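S.K.: Construct the complete structure from the given sequences, taking the supplied hints into account.
2 protein chains.
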Amino acid sequence: MKVFIIGTGLIGGSFALDIQQEYSEAIIYGIDNNPAHLKEARELKVIHHEANFDDLKIADIVFLTIPVDKSLSVLPLVLDTINDNALVIDVGSTKQRICEVVNEHPKRRNFLAAHPIAGTEFSGPKAALKGLYKDKTNIICEVEKTAFKLQEKALDIFSKIGMRIRYMDAVSHDKHIAYVSHLSHISSFMLGKTVIEKEKNERDIFDMAGSGFESTVRLAKSSPAMWTPIFEQNKANVIETLEEYIGNLQRFKILMQENKFDEVFEEMQNTNHIKNILNGIK
Amino acid sequence: MKVFIIGTGLIGGSFALDIQQEYSEAIIYGIDNNPAHLKEARELKVIHHEANFDDLKIADIVFLTIPVDKSLSVLPLVLDTINDNALVIDVGSTKQRICEVVNEHPKRRNFLAAHPIAGTEFSGPKAALKGLYKDKTNIICEVEKTAFKLQEKALDIFSKIGMRIRYMDAVSHDKHIAYVSHLSHISSFMLGKTVIEKEKNERDIFDMAGSGFESTVRLAKSSPAMWTPIFEQNKANVIETLEEYIGNLQRFKILMQENKFDEVFEEMQNTNHIKNILNGIK
Chain A
20 MKVFIIGTGL
30 IGGSFALDIQ
40 QEYSEAIIYG
50 IDNNPAHLKE
60 ARELKVIHHE
70 ANFDDLKIAD
80 IVFLTIPVDK
90 SLSVLPLVLD
100 TINDNALVID
110 VGSTKQRICE
120 VVNEHPKRRN
130 FLAAHPIAGT
140 EFSGPKAALK
150 GLYKDKTNII
160 CEVEKTAFKL
170 QEKALDIFSK
180 IGMRIRYMDA
190 VSHDKHIAYV
200 SHLSHISSFM
210 LGKTVIEKEK
220 NERDIFDMAG
230 SGFESTVRLA
240 KSSPAMWTPI
250 FEQNKANVIE
260 TLEEYIGNLQ
270 RFKILMQENK
280 FDEVFEEMQN
290 TNHIKNILNG
300 IK
Chain B
20 MKVFIIGTGL
30 IGGSFALDIQ
40 QEYSEAIIYG
50 IDNNPAHLKE
60 ARELKVIHHE
70 ANFDDLKIAD
80 IVFLTIPVDK
90 SLSVLPLVLD
100 TINDNALVID
110 VGSTKQRICE
120 VVNEHPKRRN
130 FLAAHPIAGT
140 EFSGPKAALK
150 GLYKDKTNII
160 CEVEKTAFKL
170 QEKALDIFSK
180 IGMRIRYMDA
190 VSHDKHIAYV
200 SHLSHISSFM
210 LGKTVIEKEK
220 NERDIFDMAG
230 SGFESTVRLA
240 KSSPAMWTPI
250 FEQNKANVIE
260 TLEEYIGNLQ
270 RFKILMQENK
280 FDEVFEEMQN
290 TNHIKNILNG
300 IK
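One line per chain: the protein sequences are A and B, in this order. Numbering-wise, this note's numbering comes out as the position in the first sequence, counting from 1, plus 19. Numbering-wise, this note's numbering comes out as the position in the second sequence, counting from 1, plus 19.
Accuracy of the hints is not assured; some may be wrong.
Since the list gives no way to pick out one identical chain from another, each pair is judged satisfied if it fits inside one copy or across any two copies.
With a Cα cut of at most 30 Å, we get these calculated DSBU-like pairs of lysine-lysine [what the hints assert, rightly or not]:
| hint | residue 1 | residue 2 |
| --- | --- | --- |
| 1 | K153 | K168 |
| 2 | K294 | K155 |
| 3 | K153 | K294 |
| 4 | K240 | K294 |
| 5 | K217 | K153 |
| 6 | K194 | K279 |
| 7 | K58 | K194 |
| 8 | K164 | K145 |
| 9 | K219 | K272 |
| 10 | K164 | K272 |
| 11 | K217 | K279 |
| 12 | K21 | K294 |
| 13 | K126 | K272 |
| 14 | K153 | K219 |
| 15 | K194 | K217 |
| 16 | K179 | K164 |
| 17 | K21 | K168 |
No wet-lab data here; the hints were simulated from the structure. Remember, it's a predicted structure, so these values are computed and weren't measured experimentally.
M.R.: Below is the structure:
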């Protein structure tokens, strides 16, 4: 089984490691436009071989794990190049545009649109982790457009590495994910910015910040190169979530200004049951 | 050494556990206006004895670990009751008002104003943790107003349980802590609210949310009873941080609306060095 990983970073590298573990016969080929990353991925044994685009002809499975703006141009080329039985899986955080781009492609049935809800705030081959996907949700969009045998192949991999599958249309995916993922990143980046701007003397942050602050701004360590195109592709949904978030913050501020601390209490009380929701998240 | 813990929850209970560990001779007395908590604290061996307010006469050390609005009325009564050599430590998250309240108290020199930057999103005696304070920062305000011998006594405890000490005036404390702690809590509560409002069908959140979301909304599990009076006491500072945070979010939204994604990238890039700052936080 010849598996190609296009983009040998956190997401692609972690798939490579799990597939090596679960499929002893798998040979992992890496493709990356950053030669240093490619070399590093090979040295870390994330991949077995460095490869280039033409080698995709021999691929059985291709994982496309690059920033979502790059995917839009690369995916059609990948589909042009692969053989008729190959499976191509894209794992980007937005799904509507990528599905549109290949909707009429002659090899549309070789493509599976997925979004594994997993990751860390780190990037590059060194960030690849064994078991990253265990017990995580994988959202598959427009599954009916993928050839049945290739669906089975994909599900076999996802099942072996421990993921649970949810099916969703691409438009709903992008709308919901704006709330539970994209907005969190912006809230975190802007929180980091607000504090850094104020506390020019960084020792003050260092000394006074605790694990609560660390937790809330963790996502501000994320890669801007990865996230900018996500926000661009999901612009309308993200702006909607931002407006609602800003509105809620403003109402909270006004309650404080008007000394309505009973209502401040209620605002928090009403949100407190997020405990129960979060208990289900790994 | 007779140690009284007024408020046998997460913060007070964790001090009780560490003091038991470090001082074999310590006898821990608990006072709590919730009889169920008091009983639970004793059953969990967080405290040795249930006590009441009059017993404070025999105290060597008193930890006041109750919501910051309650502290304002309770601290003067504690100081009225204790003997002349006792040390009273308040550990609330706001320091300006509590310091003002006892500024003219005849036993002001028996009082030490502290803020250990430690905690979890849980509360009650069950939430008490051994080692919660290890390697954490403890901010002490107006140290010069505490009797020197009592300062030494307090520092001995803080040092034995592994805390590092920073000194600060109460006004600066409240201003800085609004940025690195209070704002994080509001951003988290409002993020939770925004998502819950949108996703009435909670299964959708459950299925699509990942560890990133979990991390950003973790603080929304915090106790409203504890946090409402903190926001009330630190109202002016918290409103200032909220206005700056909302302004940053609005600017980010406008950059997106105007398709200035180069600047969106830069906004994130500029905040990315928070990595280095956070490396110093336990």
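S.K.: Confirm or reject each hint.
M.R.: Against the structure, the hints come out as follows:
Taking the shortest Cα distances, K153 and K168 sit within 30 Å of each other inside one copy (24 Å), while across copies they are farther apart (55 Å). For the homomeric pair K294 and K155, the shortest alpha-carbon distances inside one copy (19 Å) and between copies (25 Å) are both at most 30 Å. In this assembly of identical chains, K153 and K294 lie within 30 Å of each other by CA distance both inside one copy and across copies; the values are 22 Å within and 26 Å between. When the C-alpha separation of K240 and K294 is checked against a cutoff of 30 Å, the pair qualifies both within a copy, at 25 Å, and between copies, at 6 Å.
For a Cα distance limit of 30 Å, the shortest separation of K217 from K153 across copies, 28 Å, qualifies, whereas the shortest one inside one copy, 40 Å, does not. In the homo-oligomer, the alpha carbons of K194 and K279 lie at most 30 Å apart only across protomers (22 Å), although the nearest pairing inside one protomer, at 33 Å, exceeds that limit. Proximity of K58 and K194 under a CA criterion of 30 Å is satisfied in neither setting, with 37 Å inside one chain copy and 48 Å between copies. For the homomeric pair K164 and K145, neither the shortest alpha-carbon distance inside one copy (34 Å) nor that between copies (52 Å) is at most 30 Å.
Proximity of K219 and K272 under a CA criterion of 30 Å is satisfied in both settings, with 25 Å inside one chain copy and 24 Å between copies. With identical chains, the CA atoms of K164 and K272 are never at most 30 Å apart, being 48 Å at best within one copy and 35 Å at best between copies. For the identical chains of this complex, K217 and K279 are neighbours both inside a copy (27 Å) and across copies (25 Å), given an alpha-carbon limit of 30 Å. In this assembly of identical chains, K21 and K294 lie within 30 Å of each other by CA distance neither inside one copy nor across copies; the values are 43 Å within and 37 Å between.
When the C-alpha separation of K126 and K272 is checked against a cutoff of 30 Å, the pair qualifies neither within a copy, at 53 Å, nor between copies, at 37 Å. When the C-alpha separation of K153 and K219 is checked against a cutoff of 30 Å, the pair qualifies only between copies, where the shortest distance is 27 Å, while the shortest distance within a copy is 41 Å. For the identical chains of this complex, K194 and K217 are inter-copy neighbours only, at 10 Å across copies versus 33 Å inside a copy, given an alpha-carbon limit of 30 Å. Taking identical chains as interchangeable, the C-alpha atoms of K179 and K164 lie at most 30 Å apart only when both belong to the same chain, with a minimum of 23 Å there against 64 Å between chains.
Taking the shortest Cα distances, K21 and K168 sit within 30 Å of each other inside one copy (17 Å), while across copies they are farther apart (73 Å).
In terms of the numbered hints stated before, the structure departs from hints 7, 8, 10, 12 and 13, listed from lowest to highest.
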